[in-house]
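*Asks:* The task is simple: from the sequences and hints, build the whole structure.
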Amino acid sequence: MTLSRREILAGTAATAAAATLPAGAAKAQAKRNVLKVVPHANLQILDPIWTTGYISRNHGYMIYDTLFALDNNLKPQPQMVENLDVSADRLKYTMTLRDGLAWHDGTAVTAEDCVASLQRWGKRDGMGQRLFAVTDKLEADGKNTISLTLKRPYGVVLDSIGKISSNVPFMMPKRVAETPADKQIEDTTGSGPFMFNKANWKPGNLAIYEKFKAYAPRKEAVSSAAGGKIAKVDRVEWYTMDANTAMNALMSGEIDYWEQVTPDLIDLVKKAPGVKVENLDPTGNMGWARFNHLVAPTNNPMVRQAIMKACNQEDFLKTAIGNPEYYKVCKSIYPCGTTYETDAGFVNQNVADAKTLLQQSGYKGEELVILQPTDHPVLNPFCQVMAEQLRAIGMNVKLQAMDWSTVLQRRASKDPTDKGGWNMFCTWWIGGDTVNPLTGVGFGATGEKGWFGWASDEQAVKLQDEFANAASPADAKKAATALQERLYANGHYVNMGMFFVPVGYRDNVRGMIKSPVQFFWNMEVV
Amino acid sequence: MWLFILRRVASTVPVMLIVAVVIFAMLRLTPGDPAVVIAGDQATAEQIARIRASLGLDLPIHEQFVTWIVHILQGDLGTSIFTNMPVSTLIGQRLEPTMMLTLTTVIFSVSVAVPLGVWAAWRAGTWTDRLIMMFSVLGFSFPVFVLGYLLIYQFGLTLKWLPTQGYKSPFTDPLGFASTIVMPTITLGMIYIALVTRITRASVLEVLGEDYIRTARAKGQVERKVLFRHALKNAAVPIATIIGIGIALLIGGAVVTETVFNIPGLGRLVVDAILRRDYPIIQGLILVFSFTYIIINMLIDIAYTMLDPRIRY
Chain A
1 MTLSRREILA GTAATAAAAT LPAGAAKAQA KRNVLKVVPH ANLQILDPIW TTGYISRNHG
61 YMIYDTLFAL DNNLKPQPQM VENLDVSADR LKYTMTLRDG LAWHDGTAVT AEDCVASLQR
121 WGKRDGMGQR LFAVTDKLEA DGKNTISLTL KRPYGVVLDS IGKISSNVPF MMPKRVAETP
181 ADKQIEDTTG SGPFMFNKAN WKPGNLAIYE KFKAYAPRKE AVSSAAGGKI AKVDRVEWYT
241 MDANTAMNAL MSGEIDYWEQ VTPDLIDLVK KAPGVKVENL DPTGNMGWAR FNHLVAPTNN
301 PMVRQAIMKA CNQEDFLKTA IGNPEYYKVC KSIYPCGTTY ETDAGFVNQN VADAKTLLQQ
361 SGYKGEELVI LQPTDHPVLN PFCQVMAEQL RAIGMNVKLQ AMDWSTVLQR RASKDPTDKG
421 GWNMFCTWWI GGDTVNPLTG VGFGATGEKG WFGWASDEQA VKLQDEFANA ASPADAKKAA
481 TALQERLYAN GHYVNMGMFF VPVGYRDNVR GMIKSPVQFF WNMEVV
Chain B
1 MWLFILRRVA STVPVMLIVA VVIFAMLRLT PGDPAVVIAG DQATAEQIAR IRASLGLDLP
61 IHEQFVTWIV HILQGDLGTS IFTNMPVSTL IGQRLEPTMM LTLTTVIFSV SVAVPLGVWA
121 AWRAGTWTDR LIMMFSVLGF SFPVFVLGYL LIYQFGLTLK WLPTQGYKSP FTDPLGFAST
181 IVMPTITLGM IYIALVTRIT RASVLEVLGE DYIRTARAKG QVERKVLFRH ALKNAAVPIA
241 TIIGIGIALL IGGAVVTETV FNIPGLGRLV VDAILRRDYP IIQGLILVFS FTYIIINMLI
301 DIAYTMLDPR IRY
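Chains A and B, in that order, are what the protein sequence lines are. The opening residue of the first sequence carries number 1 in the working numbering; numbering runs sequentially from there. The opening residue of the second sequence carries number 1 in the working numbering; numbering runs sequentially from there.
It cannot be assumed that every hint is accurate.
Stated by the list, open to error - As a list, the in silico DSS-like pairs of lysine-lysine whose alpha-carbon atoms are at most 27 Å apart:
1) B:Lys160 with A:Lys271
2) B:Lys168 with A:Lys211
3) A:Lys202 with B:Lys168
4) A:Lys276 with B:Lys160
5) A:Lys219 with A:Lys75
6) B:Lys233 with A:Lys270
7) A:Lys92 with A:Lys462
8) B:Lys168 with A:Lys198
What the hints assert, rightly or not - Incomplete in silico selection of chain A near chain B, CB under 10 Å:
9) Trp201
10) Tyr239
11) Met251
12) Ala272
13) Gly450
Everything labelled a hint here was simulated from the structure, so no lab data went into it. Where is the CB? At the ideal position from N, CA and C, for every residue including glycine.
*Replies:* See the structure below:
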């Protein structure tokens with residue numbers, strides 16, 4: 001048999017096509033199983049108990065599991081726990097673990113692991129410290145049962161163990177959880193739906209998570225952090241890049257998902273073909289301008305009141321966020337739309353009253369120092385608007401420009417303003433951190449032992465305790481409302497309103513979860 | 001020559017020591033605290049103090065310095081405060097992209113700039129010369145990131161010829177490497193081309209006025225040989241100098257280029273480390289950069305002897 005040149009060429013082309021097609025199909029198949037993401041920050045710290053950084057928290061959710069988790073209504077639901085038994089006197093909580101829970105190394109999750117994990121968390125986290133202050137005993141009762149005995153009834157046991165944001169009480173193997181709380185863990189073994197590929201971790205560039213095939217998800221439908229965590233892709237890749245580069249990569253289809261589209265780029269991204277922009281965070285972010293309660297002139301409650309009266313929330317939001325679709329005037333210290341939302345005690349803008357109050361306060365034109373993080377796209381304009389509003393009532397404002405890292409350091413100073421101290425700095429909390437009087441570290445008023453600004457108010461502390469010990473939801477609501485009134489009356493901070501940072505994704509990505517925290521289970525690329 | 005090389009290598013020790021002292025002091029004098037960044041926004045002062053103590057940042061500065069220097073002398077650049085990974089590992093992960101970007105930029109730039117400079121000198125005073133010099137001024141004045149984003153817009157988003165970001169290793173994916181390195185190389189090379197073109201033009205122009213050039217031409221030597229064999233060879237020392245100095249400039253430019261094109265190189269590593277105050281990485285990287293710079297200068301000095309036999313050490 002002889003073959004003509006044409007036949008040989010045709011055969012070669014057919015062979016090449018046959019070889020190419022399956023390869024192409026396989027490539028497409030493989031591509032569907034990888035979700036390429038640009039997260040909101042660079043993952044540098046792998047221990048979500050050692051730091052409160054949100055990116056480490058999100059990393060924690062990828063690889064660890066929790067005993068309880070908040071659902072869409074911010075109510076704690078069992079996650080690793082199968083059965084919960086609370087004694088009639090509300091002093092003993094008995095939690096039985098689900099069957100089939102395993103660590104990434106294949107060993108079974110035990111109650112001892114969970115006890116050690118809770119103990120480590122309790123040394124770091126504010127809510128954890130409160131819980132352990134009322135804890136008499138926490139022990140493993142057999143392989144699968146955790147027993148928590150309290151000294152007195154405590155109303156937010158499950159809210160604490162199931163808290164959604166930093167520090168989240170993630171469960172770790174006992175050998176890992178026994179690492180001192182002030183030392184970073186090195187072993188990333190978890191029991192969550194994904195496993196961390198530490199060998200290929202390139203900090204500042206790439207973090208890879210592989211599907212944990214032995215993970216046994218709950219049967220319930222996914223609901224925020226609660227419900228069945230089903231990993232629908234084999235691999236999630238987190239790429240670190242700056243905002244403009246992320247935008248380009250999303251538009252060109254090189255990445256599938258961008259966790260936080262910065263306000264200035266939203267309109268551009270929205271116009272790109274094949275790309276969608278959506279707000280997935282129902283509780284948004286709460287803008288704060290924190291007072292220093294130790295240093296003049298903001299150590300004077302009347303000056304703080306005058307400043308609050310000088311401020312118009314919408315001005316901050318309009319300038320920093322721009323598009324009303326992504327901000328909300330919110331007079332509550334708790335995110336608007338959540339259980340404890342209330343307008344009680346909010347200080348509305350009244351420039352004439354603010355000027356009068358400032359005069360009555362004895363303010364004599366002392367310099368008011370605001371720490372301005374020029375590298376932050378939202379906080380920088382917040383500070384600039386704040387300065388203008390305070391100048392309008394006759395205050396001598398000094399904006400000190402610096403990067404965010406320097407703000408974090410400078411705010412620790414209790415010195416007077418002429419020796420490196422400060423009067424105000426702008427910051428924000430994710431809504432999930434401020435949903436109740438205890439989750440919000442900034443709500444604390446324990447003076448110099450407390451959060452930066454060092455507000456001191458025994459009445460506020462008492463109201464937080466009342467909330468913690470509330471016997472009914474109505475009592476809890478009452479205490480939360482009273483706390484809000486008290487914080488506004490004491491000039492705790494300036495509420496700069498609520499804003500939302502949307503996600504951007506290719507239109508073939510499905511299964512995003514609405515939540516204050518970004519989760520990657522349930523997501524797929526079709 | 002060998003004595004010269006030995007002497008130069010030995011002289012790096014005191015230079016590196018001075019660099020180490022300056023860097024260490026500067027970092028400790030600038031505001032910022034890694035413990036604060038680690039602790040996060042919700043941490044209290046007490047928690048931050050505990051982290052600071054666990055990292056040894058509460059020790060007196062001289063003690064911290066001695067510990068660091070002792071480790072350096074043992075070949076240990078330290079451990080990142082944040083990632084808990086050895087600095088040498090982190091540098092190792094990032095070395096290849098930066099080296100490749102620098103290499104492609106130098107090759108591309110020199111291949112373009114030297115002929116352009118020679119041509120401008122040969123056509124001195126003409127429109128060609130003015131056009132090349134205008135291009136050169138433009139190259140200096142065009143910000144790196146603007147050019148980068150323009151290229152991305154045109155070739156990445158509009159024409160879709162090239163990926164907008166990322167890096168592929170030439171050892172594992174040569175085609176991927178070629179497609180990801182083109183735009184960064186052009187972006188980073190623009191200033192370098194401008195610099196080398198100007199210096200080449202000036203040097204060659206000076207040599208073209210020499211007697212031996214006139215003699216070569218009088219002998220009937222073809223113009224190409226006059227330019228490249230006689231003029232360029234004799235103008236090579238200042239050109240080699242500027243190429244060497246330019247490599248140091250490239251390291252600075254790489255910071256921006258790597259950010260715009262998301263190349264995981266040393267430039268981005270140093271920026272991330274500075275923003276977070278990850279002292280061991282910053283210190284380690286600056287030592288590496290300084291060492292590289294010293295070595296490049298030494299290589300240029302050695303190159304002089306090859307380019308000009310009259311130079312002897």
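*Asks:* Does each hint hold? Answer for all of them.
*Replies:* Consistency of the hints with the structure:
{"no.": "1", "hint": "B:Lys160 with A:Lys271", "in the structure": "17 Å, holds"}
{"no.": "2", "hint": "B:Lys168 with A:Lys211", "in the structure": "24 Å, holds"}
{"no.": "3", "hint": "A:Lys202 with B:Lys168", "in the structure": "14 Å, holds"}
{"no.": "4", "hint": "A:Lys276 with B:Lys160", "in the structure": "20 Å, holds"}
{"no.": "5", "hint": "A:Lys219 with A:Lys75", "in the structure": "18 Å, holds"}
{"no.": "6", "hint": "B:Lys233 with A:Lys270", "in the structure": "56 Å, violated"}
{"no.": "7", "hint": "A:Lys92 with A:Lys462", "in the structure": "24 Å, holds"}
{"no.": "8", "hint": "B:Lys168 with A:Lys198", "in the structure": "20 Å, holds"}
{"no.": "9", "hint": "Trp201", "in the structure": "8 Å, holds"}
{"no.": "10", "hint": "Tyr239", "in the structure": "7 Å, holds"}
{"no.": "11", "hint": "Met251", "in the structure": "6 Å, holds"}
{"no.": "12", "hint": "Ala272", "in the structure": "9 Å, holds"}
{"no.": "13", "hint": "Gly450", "in the structure": "7 Å, holds"}
In summary, the one numbered hint that this structure violates is 6.
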